[in-house]
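Asker: Chain residues, written in single-letter form:
2 protein chains.
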Amino acid sequence: MADNATDACDVKSMDDIMALCKRRGFIYQASEIYGGVNGFWDYGPLGSQLKKNLRDAWWNDVVMLGCGGKPGPDGKPVRIVPVDTCIIQNPKVWEASGHVGGFNDPMVDCRETKSRYRADHLKCLGEKGDTEGQIYAYIENDDASYASARKKLDRYKKRALSDAEIDTCALTELGNAELAITVGPDAKEVGTLTPPRAFNLMFKTVLGATGDAEIDKAYLRPETAQGIFINFKNVVDTTRVGVPFGIAQTGKAFRNEVTPRNFTFRSREFEQMEIEFFCHPDEAKAWYEFWRDWRMAWWESMGLKGENLILREHDRDELAHYAKEGAGTSDIEYRFPFTAPGYGELEGIADRTNFDLKQHQEHSKKKMEYHDTTRGELLPNGQPKGEWYLPHVIEPSAGLDRGVLAVLCEAFTPDPERPSGVVMKLHPRLSPIKAGVFPLVKKDGMPEVAEKLRAELHQRFGRLGAIEFDEKQSIGKRYARMDEAGCPFCFTIDGDTMTDQTVTVRDRDTLSQERMGLDKVGDFLAEKLGV
Amino acid sequence: MADNATDACDVKSMDDIMALCKRRGFIYQASEIYGGVNGFWDYGPLGSQLKKNLRDAWWNDVVMLGCGGKPGPDGKPVRIVPVDTCIIQNPKVWEASGHVGGFNDPMVDCRETKSRYRADHLKCLGEKGDTEGQIYAYIENDDASYASARKKLDRYKKRALSDAEIDTCALTELGNAELAITVGPDAKEVGTLTPPRAFNLMFKTVLGATGDAEIDKAYLRPETAQGIFINFKNVVDTTRVGVPFGIAQTGKAFRNEVTPRNFTFRSREFEQMEIEFFCHPDEAKAWYEFWRDWRMAWWESMGLKGENLILREHDRDELAHYAKEGAGTSDIEYRFPFTAPGYGELEGIADRTNFDLKQHQEHSKKKMEYHDTTRGELLPNGQPKGEWYLPHVIEPSAGLDRGVLAVLCEAFTPDPERPSGVVMKLHPRLSPIKAGVFPLVKKDGMPEVAEKLRAELHQRFGRLGAIEFDEKQSIGKRYARMDEAGCPFCFTIDGDTMTDQTVTVRDRDTLSQERMGLDKVGDFLAEKLGV
Chain A
-17 MADNATDACD VKSMDDIMAL CKRRGFIYQA SEIYGGVNGF WDYGPLGSQL KKNLRDAWWN
43 DVVMLGCGGK PGPDGKPVRI VPVDTCIIQN PKVWEASGHV GGFNDPMVDC RETKSRYRAD
103 HLKCLGEKGD TEGQIYAYIE NDDASYASAR KKLDRYKKRA LSDAEIDTCA LTELGNAELA
163 ITVGPDAKEV GTLTPPRAFN LMFKTVLGAT GDAEIDKAYL RPETAQGIFI NFKNVVDTTR
223 VGVPFGIAQT GKAFRNEVTP RNFTFRSREF EQMEIEFFCH PDEAKAWYEF WRDWRMAWWE
283 SMGLKGENLI LREHDRDELA HYAKEGAGTS DIEYRFPFTA PGYGELEGIA DRTNFDLKQH
343 QEHSKKKMEY HDTTRGELLP NGQPKGEWYL PHVIEPSAGL DRGVLAVLCE AFTPDPERPS
403 GVVMKLHPRL SPIKAGVFPL VKKDGMPEVA EKLRAELHQR FGRLGAIEFD EKQSIGKRYA
463 RMDEAGCPFC FTIDGDTMTD QTVTVRDRDT LSQERMGLDK VGDFLAEKLG V
Chain B
-17 MADNATDACD VKSMDDIMAL CKRRGFIYQA SEIYGGVNGF WDYGPLGSQL KKNLRDAWWN
43 DVVMLGCGGK PGPDGKPVRI VPVDTCIIQN PKVWEASGHV GGFNDPMVDC RETKSRYRAD
103 HLKCLGEKGD TEGQIYAYIE NDDASYASAR KKLDRYKKRA LSDAEIDTCA LTELGNAELA
163 ITVGPDAKEV GTLTPPRAFN LMFKTVLGAT GDAEIDKAYL RPETAQGIFI NFKNVVDTTR
223 VGVPFGIAQT GKAFRNEVTP RNFTFRSREF EQMEIEFFCH PDEAKAWYEF WRDWRMAWWE
283 SMGLKGENLI LREHDRDELA HYAKEGAGTS DIEYRFPFTA PGYGELEGIA DRTNFDLKQH
343 QEHSKKKMEY HDTTRGELLP NGQPKGEWYL PHVIEPSAGL DRGVLAVLCE AFTPDPERPS
403 GVVMKLHPRL SPIKAGVFPL VKKDGMPEVA EKLRAELHQR FGRLGAIEFD EKQSIGKRYA
463 RMDEAGCPFC FTIDGDTMTD QTVTVRDRDT LSQERMGLDK VGDFLAEKLG V
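The listed protein sequences derive, respectively, from chains A and B. Numbering-wise, this note's numbering puts 113 at position 131 of the first sequence, and it's gapless, one number per residue. Numbering-wise, this note's numbering puts 377 at position 395 of the second sequence, and it's gapless, one number per residue.
Just to be clear, a hint being listed does not mean it is correct.
Identical chains share a label here; the pair holds if one copy fits it or two copies do between them.
[Stated by the list, open to error] In the DSS-like style, the derived pairs of lysine-lysine whose C-alpha atoms are separated by at most 30 Å in a straight line are:
#	residue 1	residue 2
1	58	4
2	52	234
3	52	454
4	267	52
5	349	4
6	52	502
7	58	454
8	367	425
9	425	52
10	434	186
11	454	367
12	454	425
FYI, nobody ran anything at the bench for these hints, they're computed from the structure.
Just need the whole structure built from these sequences, with the hints factored in.
Answerer: Structure representation (structure tokens):
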């Protein structure tokens, strides 16, 4: 079973997927006419609509319907409100959040070649003299930090078995330990590496006309989450929501990745869909489990299923600085062609405890505690006394670009039997083109009937995606174009339509072709699109 | 007539509008707990949904329905495709577009006070010795450029009658002419000003780990438009659209304004909704007029009507560097409280000719010409020979934040007769809360019936906005809260509901209260929301 899945996965070539993305206008290299810019990607007509559809599905299901209407662990509807905060904030936000001091990649330089490497991307396959693998690193100095460094390197060794995603590790703690590296299949090129040095991942800029880089410095946000935390008090004070509740937002974030790679998976500009869900500390575990399981089900409902999607609880030694011992952290991961047989993160669900609110309370001197009037001992009048506390926070944090990429990889299905050679089996809810409408031939009144049907469907479903009219070339070529674009249904008007008012509906995935009444097409499509 | 309108406008105080925006969670100062950051604003729960609704209305009407289904000047459906491009692009993009060299604000410094002013914000009310007004500027040196400078100053004088928006003017051309300024109501403080100096409005940053500010410099886009131009060829090559057609996108843009002001009107981070519409040069005029008029009608359909909204054709001397002599440029302007009796720009519609494609063709050495197979002389086989040309571009460029602000100002209606003292008359399509559902009292089964109605409406309309359930305090206070939030309809379940299955619907704007069957509420709301 696992072998079959791996085989199925292997036949999906990332080069083929990227070529289709370019060819059909899903994703282009940013600034392509100027030779591109490393780590940035633009979405074309099909890609931007697909991305919007995935973002809208998230917003609709999470924010507007409150977890799709599923009751929370308290049995009540889940309440989520949105915000839309700035990419540039007061730099103190990032001092409080720990990003100024700690959001670093440990970088090492090769003294001989002047190349720079992310320390945790080095493959640590053995100690000095060990030539197994293409690249290896080892500790040169047997100094005081040797034991600790040796332990960390062993951990990298265990995890760094492929080019798959590796979380940034605290290699900075290696201190003065030195590494050496060999490069190339013959392990001929040998260089010595400097100790790791911190390189902050935030993009910097300067505000205002005075141009004082120190006084007026600012950062592009590395995550949308902090925009939520700094507005927690504002939202509590200006709306009628009460804990437990969530605040959600989608938006661009930026990380100055040293080595952007794997198409849109690790880019320098990306879009997040984040929820910070505030609850009483005693209920954090229940809400964490609720969110973890609901988010997994949501990704499944977007068409990511089976062995390519996994939910992985973090090991204790992977926990981030804000996660407390015993608090849950898990990733929803997808097996991308470039991570297979490993997985890459789509979304992280973390119990952040009260870390962020506490940090902002300390740095801003503004009280972040919440007064919960439903808690505390009962007073003589029968009302609870109330309780002040810093809420704990469950954070489901998803990458929109990674979601789009997973959806594209999952949909990409080579099929030598088809004229297109490949079909994009996108979930109908996400497909940028919802339906194709074709006159079989360009005469005998067929184009007019087709145009009328297109206009009707457009009026009814146009807000969800395009309705494509196509009368050029053979019907087979038109189907092939729709297969590559991921359009789930094609309706063809032919000679019979003119006499009996029926059309052929062709199903992209099953290739079945059935007749249905012209007047039934709208309801058929509504059911398939779930609207 | 004009006087009445001015009076009506004057009663709307910007301070009151900003206070309501904060109080009800429409808009907060960004990083407020850290003392804010000049020129940045965050949207709260109501504001972010309002902003999303306006963006979605634009996307739906422009992109998905193609100008709402209105045929273009050629009698055919208008075809628009979307893209979603990066904020950070290759810096060569901004060299080609003219933003590196020319996107400057001319700044003058006061030698005595060290204050810095945007040159075109100086009020030029007279020559030296003339103390009319609070601030004035004049030329000190009767040098060679006097005649030209004098002419420009006369133009500023004519236009700078208020704090209203003034486009950046080419005061840099004043050259060495000197200005002087007086400040304060008594015109007592007098300083001498330096000649204007260029200050580039783009935010800068540095890419990658090497940290070479010169080699790896990058800019935050000052407009979304260029992301479209640089992808023109990609879109033509990878989709089946043909000229005439448009490419649209929404997204954040950044300008390092020296003096951000007027709430969200002139901020440093803002969102644009831009269309670049490509057409044959001969048809540019017809398309310009089509877009100008349709965009004006669209803003009217968002509830901006009457004397507060105007369409203003630019004078010849206001034309931007890309606009050719005779090519149209116009602004759709709104009379904000802070511009009244003047107006501030919401959207500019410009015939950009082939300026941008030509610039990118020259700088990238990539051919941007379009091969139009529907044009050219007829060949012996009856087919046209085809024609190569650089399309001309009509650009309707709207500010989303400015649109939201105009909608908020238009909706803000003081009404001393109401308990809230103010009602937000937002268009139902834009309202973040679509309906309120209230049990008259918290007993006799009313909460249960109300909750059932809320759940039904939520299921049907939840994707468009919130359905608010409220059972706290008096019904009058609940109506007052909904008035301030701009909720158009409230449905109240009372004693009669329990016997005859009818509810009271209260209209926010007319204050009428009518009975209707519980089972009619959904269809009533659908009609009002236009869905």
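Asker: I'd like to know which numbered hints this structure contradicts. Please list them from smallest to largest.
Answerer: The structure breaks only hint 10.
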